[in-house]
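So the sequence lines, in the order shown, correspond to chains D and S. Okay, so the first sequence: first residue is 1 according to full-length UniProt numbering, each after it adds one. Okay, so the second sequence: first residue is 1 according to full-length UniProt numbering, each after it adds one.
Since the hints were derived computationally from the structure, they do not count as laboratory data. One or more of the hints may lead you astray.
Which copy is meant is left open, so a pair is good if it fits within one copy or across any two.
Here are the simulated DSS-like pairs of lysine-lysine, each with C-alpha atoms no more than 25 Å apart in a straight line [claimed, not checked]:
#1 Lys431 to Lys402
#2 Lys431 to Lys2
#3 Lys299 to Lys431
#4 Lys2 to Lys299
#5 Lys341 to Lys104
Protein chains: 2
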Amino acid sequence: MKRLDTLSASFEQDLANLLADRSSEERSVAEPVRAILADVRQRGDEALCDYTARFDRLTLPAENLRISAEEIATQADLVPSDLMDALKTAARRIEAFHAAQMPKDLDFTDNEGIRLGMRWTALDAVGLYVPGGKAAYPSSVLMNALPARVAGVQRVAMCVPSPDGVLNPLVLAAARLCGVEEIYRIGGAQAVGAMAYGTELIAPVDRIVGPGNAFVAEAKRQVFGHVGIDSIAGPSEVVVVADGNNDPRLAAVDLLAQAEHDEQAQAILITSDAAFADAVTAAVQTELETLPRTAIAAKSWEDHGAVIIVRDLDEAARIVNQLAPEHLEVLLDEPRAFSAKVRHAGAIFMGRYCPEAVGDYVGGPNHVLPTSRTARFASGLSVFDFIKRTTTIEADEAGLEKIGPAGVALAQAEGLDAHALSLSLRLGQIKN
Amino acid sequence: MKRLDTLSASFEQDLANLLADRSSEERSVAEPVRAILADVRQRGDEALCDYTARFDRLTLPAENLRISAEEIATQADLVPSDLMDALKTAARRIEAFHAAQMPKDLDFTDNEGIRLGMRWTALDAVGLYVPGGKAAYPSSVLMNALPARVAGVQRVAMCVPSPDGVLNPLVLAAARLCGVEEIYRIGGAQAVGAMAYGTELIAPVDRIVGPGNAFVAEAKRQVFGHVGIDSIAGPSEVVVVADGNNDPRLAAVDLLAQAEHDEQAQAILITSDAAFADAVTAAVQTELETLPRTAIAAKSWEDHGAVIIVRDLDEAARIVNQLAPEHLEVLLDEPRAFSAKVRHAGAIFMGRYCPEAVGDYVGGPNHVLPTSRTARFASGLSVFDFIKRTTTIEADEAGLEKIGPAGVALAQAEGLDAHALSLSLRLGQIKN
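Working from the sequences, and respecting the hints, build out all of it.
Structure, rendered in structure tokens:
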């Protein structure tokens, strides 16, 4: 853990070091991924079977790579009913928030008589990647599948590896809850390739979303352009802005809730109360003694954790904007006054009773958020990932007479004579 | 030019061939671009000077790489006033349409007492790449810079190469019209690297937009993640849906307005009237005889042009959705009835007096549109490229009591105990 103080002479350099791009730029898997994608594109299902045998130790005929409705039902029924109720609460709230997010179309006729519009339409088909093993989170299934459903996507296909053939009941229950019935036990770059290019078994999709390991991330990078992808997530991060009127233990646990994700995760406390900062730091050590994921959380806190002592909240806001954090907790009496000064953050959690974990599960907004300072230019997953815009222009004779001549002049200036002619011939017809 | 007929036995195969991905996947410039970016990142302005001397035959000290206000004014004043008026008409209409596009924030308290929100904020800084030489289009400057301005971006920096030191008056006039004053005479991968990573002369930006050659496109691919980028444009394309009640010459000129862009451009006519198709095909040949860019247009039409004869408009709409064209012209009496069936298109031009060239200059909607069938999942440039979303959640004790327990259950099921603890500790405090 690093301790920074804005009063220190080295503060700007310390902050710059903390800001230094933590996203790994290694491309060491680019070549194997390229080979796998080419193989899936060429050999289709046969390649899928081979890679599944090799990487997941699971040998099946191609048609059995799809998880049957009976298997899904059998697995989903294993989930205890109280957990099922919690999933349903989360799903209901996520669905409601994303429905509120849906934008409206535009359609108006302007002063020059030109009718202009913008229409939002859903993608036809989306592929959802879900990691297998320990990183398989049912909440991620909800967060990726429900916005697609709300957006009106007709087909959502899902790929989830099942190493040694072991299925994850919670993941399948979450998928069923979202109405996702087309599920394949395929993982890695081969799953991304199958969804991007299509095989006999799997029809191609238009966009691929969902988290994955380095192979999956690189495969998404490589198929980008042929299909759409979501952003490639880096390590997760939280900034907690707190005054001294907080229980240090709560702030400590909130920091550790980020740290427990991953050794690369980053948790940062910003406060103007140095004594409170000390208390939180001590509480972190106490909590680490009993936390089940203590090895991961301790390493994350040790390597990437930070406490920043500021003079006041204005300074805190300025630093938050430099950090552009994925998650921002505002543990203050007037969280809105502070939040109004924040320009760059993926999601903001306001008030002493709203830890970031609310947003991971049951808040409603999406928990897939921009990491590694990309909140400067990127946004969390939303219905906007599953819809696209078509603009429309309608002109009649009168409208073209008004705006056409300027178009002719510009087309000629750019040396695009057929462009100019397509306008001037019509303008000539109107005059005659 | 290929002629397809839905009545033909080979139609589906013919269409599949036409659909085959035309976007080049070659990455032959990846290595040189990687070297240039690394060099700019390491040597900064010195590298910019070296590459500008080498590629643009222009040797200048670093501080002169920025085009001075005087130079901009001198160049812009060279533009004739009627052309300046045309640029202003275009700018006014583009600005008005993009202003209408700006979305609203969300802020509401739901049934469980949780206050939820979604806030749009502008990016701080955007870099605009403008190609030099023959591909320098002032209309592109307007289409890229104005949405950023409307979105509220405070800093728009522009890079435009000036081979042999020659500046383009129209491009500088367009930039000045958009309020862009920070302009550098730098091009290629080095310009992209400078904007992405920053040098002494050029502060880094958050997102880079604008068209460019293969080096620029590859550089954008490589800096993606560190900064945002717009989509990498492929060759341009138009689909013209027309009945027999059109002047064949107009339809022919509209097809050629696409074909004249680039030898890789694609122009497709879809009609149910075979005699009209013949007349258009003949008119294309006639127009090619007098068109200044005939060599380019003839090659595009020869290699990529197509005429598709359909049974009816329903079949036409189905094929349009398969093609997902960048531009769609609907030369019909009731263009809206047809357009309502189109799910995938970048922009639609409706009516016999609205050729695609209207949209290139003075329509108002953006002319930067998704190419190569990516309208299936992508959209044209817009204010949405220059703003991002922050979601907000605010919960008090009563709200957390309602939704917190479901969060605890899910966090425990996912094995994230600090997440669960951050909720359960607060729930415990509320009860006591």
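Tested hints:
Only within a single protomer do Lys431 and Lys402 lie at most 25 Å apart by alpha-carbon distance; the minimum there is 12 Å, versus 70 Å between protomers. Taking the shortest alpha-carbon separations for Lys431 and Lys2, neither the intra-copy value of 75 Å nor the inter-copy value of 36 Å comes in at or below 25 Å. Proximity of Lys299 and Lys431 under a CA criterion of 25 Å is satisfied in neither setting, with 77 Å inside one chain copy and 34 Å between copies. For a Cα distance limit of 25 Å, the shortest separation of Lys2 from Lys299 inside one copy, 13 Å, qualifies, whereas the shortest one across copies, 63 Å, does not.
For the identical chains of this complex, Lys341 and Lys104 are inter-copy neighbours only, at 19 Å across copies versus 28 Å inside a copy, given an alpha-carbon limit of 25 Å.
This entry does not satisfy hints 2, 3, going by the numbered hints stated previously.
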